[in-house]
Structures are given as C-alpha cells and as structure tokens.
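Trainee: Put chains L and D on the given structure of chain P with help from the hints.
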Amino acid sequence: MLQSKIPEGPLENKWRNYQLKSQLINPANKKKLNVIVVGSGLAGAGAAATLAELGYDVKCFCYQDSARRAHSVAAQGGINAAKNYQHDGDSVWRMFYDTLKGGDFRSREANVYRLAELSAPLIDHYVQQGVPFAREYGGVLVNRSFGGVQVQRTFYARGQTGQQLLLAAYSQLYKMKRAKKVELFPRHEMLDLVVINGKVKGIIVRDLVTGQLKRFAADAVVLATGGYSRVFRLSTLAIGCNGSAIWKAHKRGAFFAAPSFTQIHPTALPQTSDAQSKLTLMSESLRNDGRIWVPKKKGDSRKANDIPEEERDYYLERRYPSFGNLAPRDIASRAAKECIDAGYGVGRLKNAVYLDFKHAIENFGIETIKDRYGNLFKMYKKITGVDAYREPMQISPAAHFSMGGLWVDYELMTTIPGLYAIGECNFSDHGANRLGANSLLQASIDGYFVLPNTINNYLADALREDPVSTEHLEFEKAENEVAEHINKLMLVKGNKTVDHFHRELGKVMWQECAMSRNKEGLVKAISQIQKIKEAFWKEVNITGGYHEMNTELEKALRLADFIELGLLMCTDALEREESCGAHFREEYQTNEGEALRNDEGYSYVSAWEYDQGKFKLHKEALEFENVQPTVRSYK
Amino acid sequence: MYFRKSIIAITGLFLCLFLIVHLSANSILVLPQEVARGLYNSYSTTLRESPFIKIVAYILYLSIVLHVIYALVVTVNNRKAKRKGYAVNRFRENSSWTSQNMGLLGITVLLFIVVHLANFWARIKLGLGEGVGLDSEGHVDVYKVTYSLFQNSYYVLFYSLLMIPLGLHLYHGLKSAFMTLGFYHKKGLRILAKVSLIYAGIMALGFGIIPIIVFFK
Amino acid sequence: MKVIFKIWRQENTNTKGNFQSYEVDELTEDMSFLEALDHLNEVLVTKNEKTIAYEYDCREGICGQCGVFINGRAHGPHDNMTTCQLHMRSFRDGETIVVEPWRASAFPIVKDLVVDRSSFDNIIEQGAYISAKTGTAPEANSILVRKEIVDKAMDAAACIGCGACVATCKNSSAALFTSAKINHLNSLPQGKQEASKRVLEMTKQMELEGFGSCTFTGACEVECPEGISIINIAEMNARRTKAKWIG
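Chains as they are written, first to last, in full-length UniProt numbering: chain P, 1 to 635; chain L, 1 to 217; chain D, 1 to 247.
Chain P with its partners taken away, still in its complex shape:
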C-alpha cells in the first residue's frame, strides 16, 4: 500500500535517475499553478522562494508576526556538509553512513544518501546568499566537529548558524515577494486542510489579528511546520511551535510516521517551577570539557562545592568509560534521568545534574575556558544568575527534536496526493535519532533542492484539471467544521486554564513517553491522556472573543491537537517492542542496560492512518541494500 517511490539504479545514481524521468512544466504554465506553503522556517521559506523563482504562484503562511521568527532561527551549532574541506577522509558515502547509523537504521537508504549528496551544493548556495560562515585567515571556510562524528564537516556562523541561514532564506523570500511571485500571510494559522476527490485543494486559516476564518485554494499544499515536541509542554522549542497543521492533515488522511521518535537533549537548563514555559538549550559542545556528576548520597542538600571529590559520582565516565561525558544524546539523557529518578538529582527541585568545569579550569586555565565557552557562560548567568566559573552548572534533559512526522515518499509527498511535508514535520531522514547539525541540513535540502524538483511531477498533471474555487462545497464544509470546533471550545466555559491542561499532558508524556518507556506506563498514559482530553473539553475556560486577537484561543486550539497527538505517540511507542535510537523500551535492553534493537521484527517505518479516533498501523519495510545494520555501542 505504501509506495515509497524510490527510483531505480545504484544508490549514488538514484536522485539523478529520478530527475531525468520526472515531468517538466513549461514556464508559461507554471504561472498558472498555485502552491501554498505553510510555515516560513528554513524548509518553508526555502521552498516558497525557490518555487517562486521557478515561476509558480506561491502563498506562504506563518503564525508569527514575521517570517523571520520561525524556530529554525534558534539552532546554534551548525550545518553538516560532505565537502571534505579538511581533507580528513570525509565523503558523501561516509556522511550517509554516519546519518543512517546515527538514526539506528530506521530510515530509508535512498533518502539519507540524497541528503548527504546535496549537502555540498547547499553550502555553496548559502555562501552565495551572503551567510557569514566562519572563515580562516586565508579566507576559506572553517569546519568543526560535532556530535561524536570522526570528521570535521560542520559549517557554522558563531553560535547563531540557524539564525543566519533562516535570515538568508527569509530575505530570499522577500526578494520574491517584491517580484510579486510570493504573497505572505504572517499572523495566519492553518486550521484545516481541504481535500477534494482525494486530492489536496487548499487550506482554511485563521487570521490571528481579526479572528476571521479564510479559505485559500491551491494546486498543491506544502507543510513546513516544524517539530511537535511542545506536546511535552516543556521543551527547547518556541512556545508557538505546534503540531496542528500536520495533525489536521493526518485527520484528513495523511499517514503519520514514527510519531514517538522524539529526541531528548541532555544539556538544557532544568525546570525551576511549575510556571516554567521553556527549557533553554545549552550547546552540546559544553560536554567536551565539562564533567557530569551527581552526589553519591541521595538527596544530598550540601552546596556543590562543599561535596568532596570522593562523594561525587561521575556516572557517565563510570558507565561509558570509552565515551564518558561525550556519550551520544539519547544515552546521556537517559543516564541523567535514571539518576534523577533514583533520587540523586540536584537543584531546588532535585531535577538536575551537575556539569562541572572545575577540572577543566584547573587544567587549561580560566582564560581558555572563557575563550571556548564565554558566550554560553554569559547566557547561563543571564538566565540563572549563577556564575558557572565558580560553581557547576545545573543541567537537565529536555524534549527537543521530532524525528517523527508525516509519512512522505521519496518525493516528499504524503499519502494525500498534492500534499507535501518538508523539514522537521516529516519523517524522512533521521530514523530513530538525529545527529547534531543535521536538522538545518534536512530542512534546507527539502525546501531548496528536493521539493522544487519533485513537485513538478505532480503539478504537471494538475495542469490538466480545472482549478477549484474557494466557493466549492468542500471549502464551505471545512470552514464550517473549523468554526464549529472553535465555537465548541469557546462555549465550554469551565474553570481551568489551557496551560493547566498542557501541564497535565506534559507531565504524562514526559513521564511515560520520553527517554524511557515501558508497556505498563504507556498503557496507563493512554488512559490518562484520554481523561485529560475529556476534562479539557469539559473544564477549559477561554476568555475573550473569537473574532479578535485571542492568544488563549490559539493555545487551546493547539493543545486540543497535541492531546490527540499524544495518544498517537503513546500508541506508537507501545507498538514498537524494541529499543532503537531515542525510543528506549525498558523491556528490551541488554543486561548492561543498553538498547536492544530488533531488526527482524521491527525494521520498518510505522505509518499510522487515522480512522475516526482510532489509529491503524501500516508498515513500510526498510530494505538495506548497501549497508548492514550494526549494533551501536558506546561502552
């Protein structure tokens, strides 16, 4: 049933073969074709600008006040590319293999290979667009290493790589707005998808300033709406990030793949109160020199500096002697959680572990440490008020990246013809775990290079169809359904806030569907979430009106979808009876507590179909023709 449409030929020729065979559209006809892009991050802005350059008529929507706010802006570290500028043995093949292995062999070979293959031209593109990547004195580009990979292939612009790439995409988008090829709709949120005769024909959006519902028709719709880790409420994501667009698409027929694959980042700042809204990420690079520990005594209330060396447990160094503090993200996060759950956590809420630079400062001197991490220490002080040169940082794992998302084929099309999903909101390249500096890459490649070369294959046929007007019955029906949904929410008039329910959902998801999962917990979580859902629809209170700017209503609409998405995530985690990448099922581990993958039973992508509140599993078998899946070990 699931057609991944992987092209013929050897791995390294597949993308070329695909392009050779895909349909073309002449420039005069492109003008007649409308494409809607939802989201203005790296994927969305890149796609919208490039499609406009190709001649399509593009409309781009985002919920923020400007396209420049999209959360791609927050990525710090960098972007990977197989340029082999460092002459250290890097190649497309090596990058492909690293990414596939990093994802614990739960992604498609052909997609991952294309990602690696297009990485080098992407750097060329960004340089041409004026991105101020770091340079050597000789004027050439610099690379650094990232996330345990053995070569240096990461390009960066200080600690603001995501910002610089996004601004390049955003300004390219505005270039095309000036050329009148793109129309931009900031402060507009997509609330439903319109499908007519099995094909996508448009969307329903809400103008967040006036509250008005609007209909937009198009020949194809591209979703580029980012990750959904705000389902945990506390995450490293922007507060407005949501899963609503993809969830609506899912409910209209798009399959949702691997929803439970969520990356938990080990070095975020801990939660300090129930009122907290966000967990700020501290760059992973801190683990190069910082040592992670907890007190050996449970509930030790002494100050960190008063705890003598012999009473500290450097648990990562103890458990993973060869990788130590540099163990991969999923492993470091899980280890921290185990310490905290066992009562060794530190900080006011006993929910953190220490990241200590005492030894690094003793060994290299404070100046060297300042030089390496000065900006991060400054940021830490801004947020916590603590001087990390004098006492250890307190860090804690936080929900970060969604590897899961809408199922897409090689063309990045979902199971609804004409509906595409690009960037973090799809499930394509990262498998069960994403490597550092690969997220900016995937979003950009999808938006700039892949989609503009695959969408024509669909649109060429769309040309032959009559255009659909927004007066069509299906548009009216969809708009009425949205209006009804909003009215129903507004009329609940209970006595609890939206955030109250979001906190409840977050707690359940964090406890049962984050770093480590088990059958009993997941079953319990599903029933708890169902209760939250019922309570939400009975007791939530939204003040203010529907036809005005109403941030409470916006939050409520997003949460209503998150609750349902949470159910699917738990269902997916329950179904997958193995441990792989970020998905760790406690029942499936080795005697030493390491993940136990089951390639025989679970070497497939789970793609879920929505069926009136129930989820039906479809499996896309993963075939490895070029590499042999191996066991990841970091002992």
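Simulated from the structure, these hints should not be mistaken for laboratory data.
You may find that some hints are simply not true.
Simulated restraints on C-beta separations [as the list claims (entries may be wrong)]:
(1) L/Lys186 / P/Gly593: 49 to 59 Å
(2) D/Lys147 / P/Ser469: 53 to 63 Å
(3) D/Thr241 / P/Asn487: 54 to 64 Å
(4) P/Glu8 / D/Pro138: 24 to 34 Å
(5) P/Gln530 / L/Arg83: 52 to 62 Å
(6) D/Pro138 / P/Gln19: 14 to 24 Å
(7) P/Pro629 / L/Lys186: 53 to 63 Å
(8) D/Lys204 / L/Lys186: 23 to 33 Å
(9) P/Leu326 / D/Asn14: 51 to 61 Å
(10) D/Lys242 / L/Lys186: 16 to 26 Å
(11) L/Val88 / D/Asn14: 21 to 31 Å
(12) P/Asn480 / D/Lys242: 53 to 63 Å
(13) P/Asn626 / D/Thr241: 56 to 66 Å
(14) P/Glu309 / D/Pro189: 47 to 57 Å
Using 35 Å as the maximum straight-line C-alpha spacing, the simulated DSBU-like pairs for lysine-lysine come out as follows [said to hold, decoys possible]:
(15) P/Lys493 / P/Lys251
(16) D/Lys197 / P/Lys181
(17) L/Lys186 / D/Lys197
(18) P/Lys31 / D/Lys204
(19) L/Lys187 / D/Lys152
(20) D/Lys152 / P/Lys382
(21) D/Lys133 / P/Lys5
(22) P/Lys533 / P/Lys493
(23) D/Lys6 / P/Lys381
(24) L/Lys5 / D/Lys197
(25) D/Lys152 / P/Lys180
(26) D/Lys16 / P/Lys493
(27) P/Lys180 / D/Lys242
(28) P/Lys635 / P/Lys370
(29) L/Lys187 / P/Lys381
(30) P/Lys199 / P/Lys614
(31) P/Lys358 / D/Lys147
(32) D/Lys147 / P/Lys370
(33) P/Lys370 / D/Lys152
(34) D/Lys50 / P/Lys477
(35) P/Lys378 / D/Lys147
(36) D/Lys16 / P/Lys214
(37) P/Lys531 / P/Lys619
(38) P/Lys524 / P/Lys507
(39) L/Lys5 / L/Lys84
(40) D/Lys50 / P/Lys493
Just so it is clear, CB atoms sit at the ideal spot from N, CA and C, and this is done for glycine as well.
Mentor: Just chains L and D, lined up with the frame of chain P:
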C-alpha cells in the same frame, strides 16, 4: 532625511570652525586694557572691511538660518515618528541627557545668539540703539561696546552661564555631525569623542570666562 | 514574591488605551518576566477576565518576537538583553512594574502590548538580499572572504529584528536595524554587485515607513540584545553618500 541631516551637520561644522576664530579674537579682550582696545578695534575694522570676510559672514548667517530651520524640520519629523511617548522613560540609563536634549540646548543657544546679536551686531552694523563712537585711531570702538556691556553683572552672568548649553550642544553636535556625514573609523571615532570633549570644553570655558575677566578688569 | 504590574491595555489599533494595575502574588525569583505575565493571565482566566496580549516565541533571546518597555527601558532594566531573558530576580518584592508597548508611529499597536513591526519586513524587501537564484551558486570556497571582514559582517548580521532600537530611540529611528543589514551584505564580496542599489533603496524605504532620523543618542546600542554598534549607522551614511554621488 539624509539631505536635511547633512545640511545640519555641514552648517554645524562650519559654525564650529567659526567659533574657533571667534574665540581667538575674543581672547584679545583679556589683554591689558590699552593694548586690548587698539588691537581689538583694528582687528574688527579689518574684518568689517575685507570683502572675503563679507562673503564668509553671509555664509555664516546662512549657516545659522539653515541649521535652525533644518533642525526644526527634522525635529518635527522625528516627533511625528513618535507621536506618543512612554509614561515612564529612563533614558538616562542608556544615553546622555545632552544627546536626548539637543533641541532644547539648541533653542537656548539660539536665544543667546539673538541677545548677542542685539548687543553687538545690531548696534555696530545696523546702527540701532545707542550710537557707537570711534577710538583714538579712528576705528569704531567695538571694545568699548564690549567693555561697557560686561560691566553689567546680569549680562556677565547671562553670557557666562549660557556657555554651558553651548558647550553641551557642541560636544554632542561635533561627534554626531561627523557620524552623520559618514565617518565610521572605529579608532578615529574614539579620538573624535575626546576631541569633541576638549573642543567643547575650551569653547564653553573660553567664551564663558572672558566676560568675567572683563568684568573684573 | 509579589509585584504590581501596571500594564497598557488597548483593544485594537483604533481604540484608545489606558493603564491597568494588577497585583500578582505567588511569583518566584526564578520565574522569567514573561512567565510572570503568563501567570497573571492564568489568574485573569480564572476570574473570567480577558487575558493580556503580548508577544514571544522562542523565549531564548534569538527570534526577536518579544519586546516591551519595562519600567522605562526597552526589554527591561538590563543592557543588551531581550524581554524573554529577563527574570523576576531583577525586581524587588512589592515593586510596581510599568509595562508599555513599543512606541513608534511605524509600529502601530495591534492589541495591548502587541505591535505591528511589518515596517521592518518592508525595509528588508527593498534589497536586503542577494539576487541569485537557488541552483546558481559557484563552489563555496571560490569566494574568499577575509576573516576580519566576515567577523564584522557577522557582528552586524546578528540583528534579531526585535525593534528595541526603534522603541528606545526618541526619534523612533530604524537606522540601527537598517544599517546592520546593509553593512552585513555590502561588506561581503557576494553583496557587492547590488551594493549601491541596496543602500539607496533600503534607506529610502526606511524613510517612507515613517521612522525618524538618527541623532546618535546611542540608546539603541545599549538596548540592542545583540549589542550591535552604533558605528554601523555612520558606516551606512558613508555607504549612502558614496552610492548617491559615486555610484
């Protein structure tokens, strides 16, 4: 906006240059009375009769007028850009009082110039008010006009005190004019800030102290 | 801790607004300023009152969407910081905190503390890009850029577009914002082809949007979360003069 700002900057810089010449002439006033009178009167006669200086004088008048008019226009435009201000504004925490009040300082300086012109220019050039006599060498006795004016303690106070807003206006104005005209050399700007301070200090102190010295002569 | 928020409330662009005071209890020093407002909104919901509209997104100081005037300062009492990075420990117990929206004619108020900064996007639209299509790029290392130049370009490119510079400027000048973008692109070899056109068109748009002119008070660089130097404005002026007279 650029044109207007550039006019303000260029005329401002010209006026700064003029003030240097003006102060060096004024410094004659601190010399002993007999020397000062002759020197000062012959100097001012030379100036009045030189055709070159005449042209410069017209440029000077024009500069003052343009500086004031364009400052007014720019200020009105800037007010339009911020129709409503803040209920609480602690601008002193992010900028100097001077930089925030160039308009007020400018008006004060303008007020001073009006009085100053009435005291001297109107009497000497236009022949308004009390007549001005000649000195022993037949030069118009500008020195006497000056000397007698600064026997009045109110005028001394006015002339000296108003040099404070002048100094502040010059301090910010000089730096700012250079930046408006596109001087962006980082080190140069650090030096410029110091030069502006020294320049403004010398002008304010110099112009301010002379009336007091004359008063006590 | 307890504080009194005195907050500007305004229904929409066309209505008049006014200050309203809210006593908020049960705050902790570790809470961020925005979390304190979140808390206030939750209290308002339980009292069945309309919540206060204010903006934010990333809450880590990079997206630029947050920004209000707090006790007389853009983004609050500290220099070079965004509103979302401000924490309640910066205030005294019992303090009255006055919160106002950005004030500038070019940033009309949308609701309460939310303003419309699309005038910034309009400036960007007039040339803050390099006119090269996707797919036309030469090999990245064929364009060499001196380290000092790229570092300086990066200093300017760091702008997050929050509008604090305009908000704090007594003239509501957008010169820091505009100059940062112009200097970023015009100093790089990639941006040279369109350098003159860019500076002329962007500065023209800046004026058309109704921003005031720069009088170098220097307030903007103190409030700028990225600490972008005011020298950028002087450099933009030089670039403009050159573009105008030399080309």
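Trainee: Would you check the hint for P/Lys533 and P/Lys493, treating anything up to 35 Å between C-alpha atoms as holding?
Mentor: holds (15 Å)
Trainee: Next pair to validate is P/Lys524 with P/Lys507; report whether the Cα-Cα distance is within 35 Å.
Mentor: holds (13 Å)
Trainee: Evaluate the given range 53 to 63 Å for the C-beta pair formed by P/Asn480 and D/Lys242.
Mentor: For P/Asn480 and D/Lys242 the Cβ distance comes to about 59 Å; the hint holds.
Trainee: Look at the Cβ atoms of P/Pro629 and L/Lys186 and judge whether their distance stays inside 53 to 63 Å.
Mentor: Given a distance of about 56 Å, which is inside 53 to 63 Å, the answer is holds.
Trainee: Can the suggested window of 53 to 63 Å be confirmed for the beta-carbon pair D/Lys147 and P/Ser469?
Mentor: holds (56 Å)
Trainee: Against the range 23 to 33 Å, how does the distance between the Cβ atoms of D/Lys204 and L/Lys186 compare: consistent or not?
Mentor: Given a distance of about 27 Å, which is inside 23 to 33 Å, the answer is holds.
Trainee: Holds or violated: L/Lys5 with L/Lys84, Cα cutoff 35 Å?
Mentor: holds (23 Å)
Trainee: Take the C-alpha atoms of D/Lys50 and P/Lys493, compute the straight-line distance between them, and say whether it is at most 35 Å.
Mentor: holds (13 Å)
Trainee: Do the beta carbons of P/Glu8 and D/Pro138 sit within 24 to 34 Å of each other?
Mentor: holds (31 Å)
Trainee: Within 35 Å, alpha carbon to alpha carbon, are D/Lys16 and P/Lys214?
Mentor: holds (28 Å)
Trainee: For a C-alpha distance cap of 35 Å, please report whether L/Lys187 and P/Lys381 respect it.
Mentor: Measuring from Cα to Cα gives roughly 31 Å; hence the hint holds.
Trainee: Taking the CB of L/Lys186 and the CB of P/Gly593, does the distance hold inside 49 to 59 Å?
Mentor: Given about 57 Å between the Cβ atoms, the range holds.
Of the hints listed earlier, there is not a single one the structure fails to meet.
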